[in-house]
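When we follow the working numbering, the leftmost residue of the sequence shown carries the number 1, and every step to the right adds one.
Simulated from the structure, these hints should not be mistaken for lab results. Treat the hints with care, as some may be off.
To be verified - List time: in silico PhoX-like cross-link candidates among lysine-lysine, alpha-carbon distance up to 20 Å: (1) K254 - K264; (2) K254 - K5; (3) K201 - K239; (4) K254 - K201; (5) K264 - K201; (6) K281 - K118; (7) K281 - K254.
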Amino acid sequence: MERQKRVAAVHDISGFGKCSLTVALPVISAAGIEVSVLPTAVLSAHTAVPGNIFCRDLTDDMEHFISHWDELGLHFDAIYTGYLGSAKQAEIVCDFIDRFRQPDTLVIVDPAMADNGKMYSLFDMNFARSMLPLCQKADIIVPNITEALFLLEREYVSGPHNMDFTDELVDSLQSLCGCDVVLTGISCDENTMAVACRTQKAGQTEYINNSRIPGTFHGTGDVFASALTAARLSGRTLKESAEIAVQLTVGSIKRTAAGGTDHKYGVDFERGLWQFADMLK
1 MERQKRVAAV HDISGFGKCS LTVALPVISA AGIEVSVLPT AVLSAHTAVP GNIFCRDLTD
61 DMEHFISHWD ELGLHFDAIY TGYLGSAKQA EIVCDFIDRF RQPDTLVIVD PAMADNGKMY
121 SLFDMNFARS MLPLCQKADI IVPNITEALF LLEREYVSGP HNMDFTDELV DSLQSLCGCD
181 VVLTGISCDE NTMAVACRTQ KAGQTEYINN SRIPGTFHGT GDVFASALTA ARLSGRTLKE
241 SAEIAVQLTV GSIKRTAAGG TDHKYGVDFE RGLWQFADML K
């Protein structure tokens with residue numbers, strides 16, 4: 001039997017609400033891949049949930065995790081990073097990648113910091129600059145349109161986005177970071193969204209279209225990036241991985257909309273995991 005693969009997932013974890021590690025753990029595990037977690041913070045609920053959210057920052061504890069894993073001589077087939085709370089955490093994760101990366105280790109970076117033309121409330125453009133060295137260590141980066149523009153220190157451009165614009169954006173990201181690029185959140189028209197992907201070896205950008213579903217659904221970026229990580233590590237090509245990730249993400253949004261669940265709490269990805277696992281067989 002083939003050796004089970006292992007992913008190190010570097011994210012925060014919320015007690016309530018589906019995002020970050022509460023998404024990455026079940027999605028990647030559904031692919032039969034072991035997940036080791038390096039938590040960056042613990043929250044009572046994710047930040048879209050109203051009320052007095054409790055947050056324990058774990059920046060000072062991350063090095064203890066890393067040192068123990070180094071002592072154990074752990075090997076990771078992939079390192080997958082998501083939301084990081086500070087420039088210091090980005091530095092720690094850069095060092096973590098340097099210490100644990102082997103020739104066969106896949107590094108996937110989701111530079112989660114902005115959406116819909118705005119930085120998340122705790123961040124500014126200095127944080128975007130601090131994320132660049134981490135993206136430059138990646139084999140694959142998975143930014144949305146806003147994050148891509150901010151990484152390039154450009155002004156936000158609202159949709160619709162034409163192919164000339166997105167092709168140039170992907171090309172610029174690839175030149176800046178030296179890795180494969182999967183660009184999400186492309187607004188084609190009022191009915192269509194798209195994902196663009198390009199490998200370093202490919203000469204052109206490939207697109208995956210899907211229907212736009214009205215509303216704001218939290219945690220979908222984590223569903224997509226986690227599914228992409230699992231599919232890529234399962235041997236699928238970059239485009240195949242993106243297609244599988246789109247199917248899980250869109251299906252999760254549709255179930256959430258149909259079920260009338262409060263969008264702030266995350267999407268119903270759980271009831272799509274059996275189909276996701278089946279696609280990876």
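A quick look at each hint next to the structure:
no.: 1; hint: K254 - K264; result: holds, 15 Å
no.: 2; hint: K254 - K5; result: violated, 31 Å
no.: 3; hint: K201 - K239; result: holds, 13 Å
no.: 4; hint: K254 - K201; result: violated, 34 Å
no.: 5; hint: K264 - K201; result: violated, 39 Å
no.: 6; hint: K281 - K118; result: violated, 39 Å
no.: 7; hint: K281 - K254; result: violated, 24 Å
Taken one by one, the earlier hints fail for this structure at numbers 2, 4, 5, 6 and 7, listed in ascending order.
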